[in-house]
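Participant: Following the hints, complete the assembly by docking chain B onto the known chain A.
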Amino acid sequence: MLLYGGVNQTTCEIRVSSLLITFSGMALGGIVAGFFGSLLGLGGGIFIIPMLNLIFGVEMRSAVAASLVAVIATSSAAASVYVQERLSDIRLGMTLELATTVGAIVGGLLAGRLSREALTVLFGLLLLYTAGSMVRNIPAQGNSGGPSRDNSKKKVVPEYQVRNLSVGLGASFFAGNISGLLGVGGGIIKVPVMYLSMGVPLKVASATSNFMIGVTAAASAFIYYSRGDLDLLVTGPVVLGVFLGARTGSRIMHQVRTAYLKWFFVAVLFYTAMQMLLKGFNIHVLWF
Amino acid sequence: MPDIENTGQANVYISRVLLVGSGLGAGVIALGLLWFLLQPGNGNTLPAAPVTPFAQLADQLDHVGPLTVINLGLLLLMITPILRVIIAVVSFFLERDRKYTLISLVVLAILLFSVRTALA
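Quick note, the sequences are listed as chains A and B, same order.
Reading the first sequence from the start, the letters are residues 221 to 508 in the numbering used here.
Reading the second sequence from the start, the letters are residues 2 to 121 in the numbering used here.
Any given hint could turn out to be false.
Said to hold, decoys possible - Okay, the calculated beta carbon distance ranges per label pair:
| # | chain 1 | residue 1 | chain 2 | residue 2 | range |
| --- | --- | --- | --- | --- | --- |
| 1 | A | G390 | B | L103 | 17 to 25 Å |
| 2 | B | V65 | A | V387 | 44 to 52 Å |
| 3 | A | L385 | B | I87 | 18 to 26 Å |
| 4 | A | L416 | B | L103 | 36 to 44 Å |
| 5 | A | V476 | B | V65 | 36 to 44 Å |
| 6 | A | S238 | B | E96 | 54 to 62 Å |
| 7 | B | L95 | A | S244 | 43 to 51 Å |
| 8 | B | V65 | A | L385 | 42 to 50 Å |
| 9 | A | L240 | B | L95 | 30 to 38 Å |
Unchecked claim - Rough simulated footprint, nothing fancy, chain A against chain B, three-plus residues with beta-carbon under 8 Å:
| # | region |
| --- | --- |
| 10 | 21-28 |
| 11 | 56-62 |
| 12 | 78-84 |
| 13 | 106-118 |
To be verified - Computed from the model, here is a short list of chain B residues facing chain A with C-beta under 10 Å:
| # | residue |
| --- | --- |
| 14 | I15 |
| 15 | V18 |
| 16 | N72 |
| 17 | A89 |
| 18 | V91 |
| 19 | S92 |
The set of hints was computed from the structure by calculation and includes no laboratory data.
This one's a predicted model, so the numbers in the text were calculated from it and none came from an experiment.
Glycine is no exception: its CB is placed at the ideal position from the N, C-alpha and C atoms.
For reference, chain A alone in the conformation it holds in the complex:
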């Protein structure tokens, strides 16, 4: 089912019953992706890109570009809360951004060189990795891996000393790379590294990661802009949807036991990963 012709379209001519339906579909998809993404601490990109690519037939690079702008919007909205609560460590964030932004530019440029099949396969692998870290309860955000309601109201930041800065910079470069190449925030890499190897408290780590994500995404978004990969009529509805969904999701984040959702979304991620891998390797199986 292809609802969208896309930039650089080769195979598909578009037949849409109505523009409005396509717009609404993309916006609704954005809402769902943003809502559950923020609820699970994953960010919207991990769901929005497969949705655009598999359901709406949007070219991989345009889907990534749309997701990057959505990531900027949600990061700005979410970080404004975190920054005000003084949870994010701006000095640490700025230092690590030295690496994430360079990584993001390299990733964005690399995306222009890779075939759409290669990008699809890489995204499939990222989905598998994400599903894997959910299974193993590796934190992507402060809320994943169980309820954290007890300390959600506290604004006290425990004392900590940042360790292993070079490891953090290396991981940040890699996270920026993934972000620029595949259009996700990269929190799934940064937060565990800050928390587990750098001695940063989990809440501060996830708030700082959130603070950084927008800057990282902006670094590569302009690369996509310059290539003309950013499509106005795809990005517009998606960004609005993700923005709304993420705001709602982060607002009720502390009232929901995400543990129930976990296994359902591990299954969703796994299924989507298989779809992306099959598509990337040009294997056509009809098991929809």
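Facilitator: Showing chain B alone in chain A's frame:
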């Protein structure tokens, strides 16, 4: 680096810029989409609508259409993080924190390098 408290005032500014920037960007995009939908003769197909390069965007300002509005909304969102870094540069400078003024200046330079690619 536990001195989060020191940057209190900057935090408030950053927070406000982020909120206004992202809200304004989303609002402008919504207006543009609505305008696009209300235009007669759109047909039933979703046309490919790549963003306009900066140079040509200035020319489009004479006859603004819905796509130009969406484009400007996207750009508003995209420059919000850059504003955030600029505020950080200024506030670190005012605190006479040379090390972090320099660090955020380098981050700003990297971002501007990326923006420059879209100028061509």
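Participant: Next, verify each hint and record whether it holds.
Facilitator: The hints, checked one at a time:
no.	hint	in the structure
1	A:G390 to B:L103: 17 to 25 Å	21 Å, holds
2	B:V65 to A:V387: 44 to 52 Å	49 Å, holds
3	A:L385 to B:I87: 18 to 26 Å	24 Å, holds
4	A:L416 to B:L103: 36 to 44 Å	29 Å, violated
5	A:V476 to B:V65: 36 to 44 Å	43 Å, holds
6	A:S238 to B:E96: 54 to 62 Å	55 Å, holds
7	B:L95 to A:S244: 43 to 51 Å	47 Å, holds
8	B:V65 to A:L385: 42 to 50 Å	48 Å, holds
9	A:L240 to B:L95: 30 to 38 Å	50 Å, violated
10	21-28	holds (count 5)
11	56-62	violated (count 0)
12	78-84	holds (count 6)
13	106-118	holds (count 8)
14	I15	5 Å, holds
15	V18	8 Å, holds
16	N72	6 Å, holds
17	A89	6 Å, holds
18	V91	13 Å, violated
19	S92	9 Å, holds
Checked against the numbered hints given earlier, this structure breaks hints 4, 9, 11 and 18; the rest are met.
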